[in-house]
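Participant: Residue strings, one per chain:
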Amino acid sequence: MNEIKNDPAALKHELTNLDLETPEKPHLDSNELIINMGPQHPATHGVLRVILKLDGEKVLGTECVIGYLHRGVEKIAENRTYAMFNPYVDRMDYVAAVSNGLGYCLAVEKLLNVEAPARANYIRVILTELNRIASHQLWLGTHALDIGAMTPLFYTFRDREEILKIFEKYCGARLTTHAFRIGGCLYETYAGFEKEVKNFVQFVRPKIDEYEKLLTTNRIWLERTKNVGVISAEDAIALGVTGPVLRASGVKWDLRKAQPYSGYQNFEFEIPTGENGDTYDRYLVRMVEMRQSLRIIEQAVGAIPEGPIMAKVPKVIKPPVGEVYHSIEAPKGELGYFVVSDGSTQPYRVRVRPPSFVNLQALDIMVRGMLVADVVAVIGTLDIVLGEVDR
Amino acid sequence: MVEESKTPATPPEGAKTGAPTPPSGSEKPAAEVSPPAQPSSGSNVAEKAAVLATSERNPATSPATTTKPPAAPAKPTGPVPEPWTAPLVEKYQHQFGSGLQAQSYLGQNYFIVDRSLIPNFLKLLRDDEQFDYCVDITAVHYPKREKQFDVIWILYSFERNERIRVKTMIADGETLPSSVPIWATGNWLEREVYDMFGIKFEGHPDMKRILLPEGWKGFPLRKDYSILQQDKEWVQINLGIESGQ
Amino acid sequence: MLNALMSYLGSNVTPGEANNQLWALIYVLIIFAGVSVAVVAMNWLERKALAHFQVRLGPMRVGPHGLLQPIADAVKLLLKEDIIPAEADKFVFWIAPLIGLLAAFTVYTVVPFGPSQAVSDMNIGILFMLGVSSLAVLGIVMAGWASNSHYPLIGALRSSAQMVSYEVAMGMAVVSAVLMTSLHGTGLYGASSLSDGTGTLSMIGIVQAQQEQQVWFLFKFFPLGLIAFVIFAIAMVAETNRAPFDLPEAESELTAGFHTEYSGLRWSLFMLAEYAAMIAVSSIAVTLWLGGWMRPFPHWLSGSVWDFIFSLFPGLTFLGLAAIAVRGTLRMPKHNYFRVQTIGLGAFALVLGGIGLLLLAIAIGARASSSEAIARAADSMNNIYWFMIKIAVFMYLFIWYRATWPRYRFDQLMKVGWKVMLPISLGVLIVTAIVGVIA
Amino acid sequence: MNPAMTPVATPFFFYLLSGLAILGGLLVITRRNAVHSALALIVTLLAVAGLYLMLYAPFVAGVQIIVYAGGIMVLFLFVIMLVNLERTIRERQFNRIWPVGLVAGCALLALFLGVYAKGKSLFPEQARGLAEGNNTQQIGEMLYGNYMFAFEIASLLLLVAILGAVIMAKKRI
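Chains as they are written, first to last, in the numbering used here: chain A, 25 to 415; chain B, 60 to 304; chain C, 15 to 453; chain D, 705 to 877.
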């Protein structure tokens, strides 16, 4: 009665929008072949199921079936107070938990019409940029592994370990850090924080060159990533794609520059863009982004001002009635929070605009006409995290 | 039509985890100093405005509707949405007249638009005002109001580096024209709004659930859908476990 | 029985030729044991070298520095349950790995470890090797078909298509090497006075031809030998489904390719066949281009003094390994948990040291005393040593490829095979022929 | 005959190989599963290669292994796997003409018996020279020597066949 239903009949029902007449039983003769990639598959970065309609090796169409990791974060938000909901936010994009926390705190601070003090902003910027580098490193490791290069995975994870050590010393947690509070930061920086961050910057810069030396001019890497999963700027904007994927298609837009928040305006850094929006350009854009983050950290660590780290925020947060949308530049793209408050201690509605969820929508356009091996490469280059896609 | 008897404040029942009906009237923040005649918005909203206005004029009185004893001192009144005046607004104000209001809250501008304007107003915004990036489509559920749902489009224009929200109010069971032809990103966003709130969008290429399994009954993000509730029948059929949890 | 045994000892001809079945059997057993030990060592080396490429330690727990890890793996695979999928084709499922193994091991009958150290010297040696190695495709195709599920079948079709297309390029490169055995050229290249003798297909013949012409075919007709060698080196990696061409077992798409449904002993047979094929294919490369068992610079640094120095190498290599093992024991932490491992590593160091000394003794003995037996022993020791070292270099290359290169997509793989490798190898063949006759 | 060519326990190996060949042949036609019959065919071909070796024609044996077992049989297996067998079985079998098959079989049998009865006298004398030492060279000389022209025509024929296959396949893609 409850055997796992993957017989073709159920599959056919599900593929309504793929407008295909699935053969009664998919078998290996000349016409199309329906293959299920996932939800349990080494290359889908989590529980994503992609139904591929193949003609031999060529992909004719895809349909993403998601929701396997849906925990109902937005429903939980309506039953928790503002401060209690903070740790849940880290569990969405568990790879870039610090950015999630920053986004949520900034949104609620805007609701409370409160501004975090300068010192808190600097600490927030340093930790968020460190988190961006960690997220890009994890992306590079797993993306290269999907395409077959085993070695970068170990290099990137070894260097990412240094960042996690700094997080652990600062707030006790490595991955889901819950580092910030509404109104600023809870923890003062531990003794030697600046020195350790400076050492980290010196340590990691040559390491990024190492990754580049391994991959950027690697013939087979070029062959596997050039002109693979191409998306034009117009399609990207129409599909609402943001972050490195959008920048690689040539759109020079980064929220940290366009609508600076928590003190980003007083650091200079460039925004890298690519030309033809293929997997190789996205790889180059993210590598330059890592270097730019290092620049920001260097500037921030050098000039952390003295002063309080927490704005005056009442013990029990009861924001006035109203609704606010605030978004930040998370490593994967624009991460937005639409918080509606009804004056009580619990948010009336928290809507999270997840970059991975919207970027994943572009998979179908990028992969059409490509081969199965490219589907794996494109899922990797979109840098999706299923915790954030399913919420 | 505007004045309506004060809705009895619903006593907060039982444990917090019980059905989280909002403690007081809906939070609709549309409290203007002089409540303009709102043809379409429900009486409850006006009543809400009136209540806030009164508490605004004389801050000394305790927050009106909650039956809790006014332990907290009179909270300084929060920011209030002022009317948003901009050339963009003027242009469409006289074009659509009453069907459209423009407000701004804490510096974030948004339109409140009548349901009938939806498909072409958005098209206008995209084509003429270069709002070419639809950040998000979402909804909020106010069970108390006569038009229960707020559907919100968050738009952004790259040239003008400006972000606005367009909001419309629809009753339960009403459908909305899909904005997929305008922005392709609407596809999954509208599917999620349907999945969570039950608002169908006509003309959507593939109107079915996106996060919850296919045969799931009930729309979780509605306020009357308790946090512990599950579609027991689906769970029994597909996962074969008796209890909901 | 005994005189058959002793009578052969004197002859310097391969047992096959000397028609001595007993010695041929002994050679076959030696080769079987040798290749299995080599495969075990290769397994350990691959894991360790790959680990150190990737900034990690590799197996350290089973035995000192993971030395017993391959044995642990083998035992695990023996004990693992041997599942045959439900509607699989039992007979074909059972025979597929055997064919793979058969193809991988019969190649060794013709591999020339020395002038007389080969099971038999067929006069169609290289042709036989290519023929048998093309049988391996059958094993893979049948494995894919018998597993009766999508992924293994696609993996099998892919790998067989890949092997068939790279076999062509490989064949062309081999032919150009065989051409070199007979053609010496007269003008620019034709330095040697040898007449245009008839070429040979036999492996030992090819190496002897290189000895006579005093040049490795790698350097003969300068760029041509090198190009043919490079073509063969790439094709052999593709032939054994390794490193950049390991598409059939691309984890990220087709789970594990044609041997997805295999488990336990049957799966280990496939692994054994893969490693054996790797060693076999690199031995072809060594024989054809790197002068088989010849020691480096036999003619520039000729003379008995140099011979003696080069004959010390085997002993010194083993002593070097022993030194590394000793250093390992000394650096082993003093905690008594590690006591067993230190003893184990110490014993291993002793064994290596012993072998090293023995080989040194043979080398010195051959130099000092004039007894013919020791001289023959030293000779065969040198031959086998140099042959094995060259194969070891190739093995290291295989591992190096695996650490650095990402994987080719299937269509790129076929494009490289047909549009790049085949034309070049054809070109090299034609130009070698022309150069051989005219230049 | 130099010592190297003394036959190696020929009778035993001869009967073994030819037995294998006959067994394989029978299996090819009796097996229901196409892959099993392909396997049986491979066994037959390898047995024939063994026979060539015994006739001191190692080059021919090597080519037999490469061309037949390594090349053509792989093609057979490809075709068997890619062509959808269930459908072919459902199609109409035209084996109602087995009497014609029987007559042809008997005629062939008669031919063999005739040859067996006449014995050696049928074959020209010099053909029996054993070519162990330089079998490859001899074939090379003949092939590229006096049969050069025939060899070129055959390769042309093959070229036409390949082009035909490509064009047929091309149409569909």
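Calculated directly from the structure, the hints in this document are not laboratory data. Values in this document were obtained by computation on a predicted structure and should not be read as measured data. Among the clues, some could well be false.
Below, in silico cross-link-like pairs of lysine-lysine (DSS-like), each with a Cα-Cα straight-line distance of 27 Å or less [what the hints assert, rightly or not]:
1) C:Lys429 - A:Lys82
2) A:Lys342 - B:Lys259
3) B:Lys203 - A:Lys99
4) B:Lys259 - A:Lys99
5) B:Lys282 - B:Lys226
6) B:Lys291 - B:Lys267
7) C:Lys62 - A:Lys77
8) C:Lys90 - A:Lys231
9) C:Lys433 - A:Lys250
10) A:Lys342 - B:Lys226
11) A:Lys231 - A:Lys219
12) A:Lys250 - C:Lys429
13) B:Lys267 - A:Lys222
14) B:Lys182 - B:Lys226
15) C:Lys104 - C:Lys90
16) A:Lys189 - A:Lys222
17) B:Lys276 - B:Lys291
18) A:Lys250 - A:Lys231
19) A:Lys82 - B:Lys259
20) A:Lys77 - D:Lys874
21) B:Lys267 - A:Lys77
22) A:Lys237 - C:Lys62
23) B:Lys259 - B:Lys291
24) B:Lys182 - A:Lys99
25) A:Lys82 - D:Lys822
Covered stretches of chain D (chain C as the covering partner; in silico rule of three or more C-beta atoms under 8 Å from a C-beta of chain C) [claimed, not checked]:
26) 724-732
27) 768-781
A short list of chain C residues far from chain A (calculated; beta carbon distances all over 12 Å) [stated by the list, open to error]:
28) Phe46
29) Trp58
30) Lys62
31) Pro73
32) Ile98
33) Ala102
34) Gly185
35) Gln228
36) Ala247
37) Leu330
38) Ala336
39) Trp432
Ideal placement from N, C-alpha and C gives every residue a C-beta, glycine not left out.
Participant: Hints the structure violates: just list their numbers, smallest first.
Facilitator: Failing hints, ascending: 2, 7, 8, 13, 19, 24, 25 and 26.
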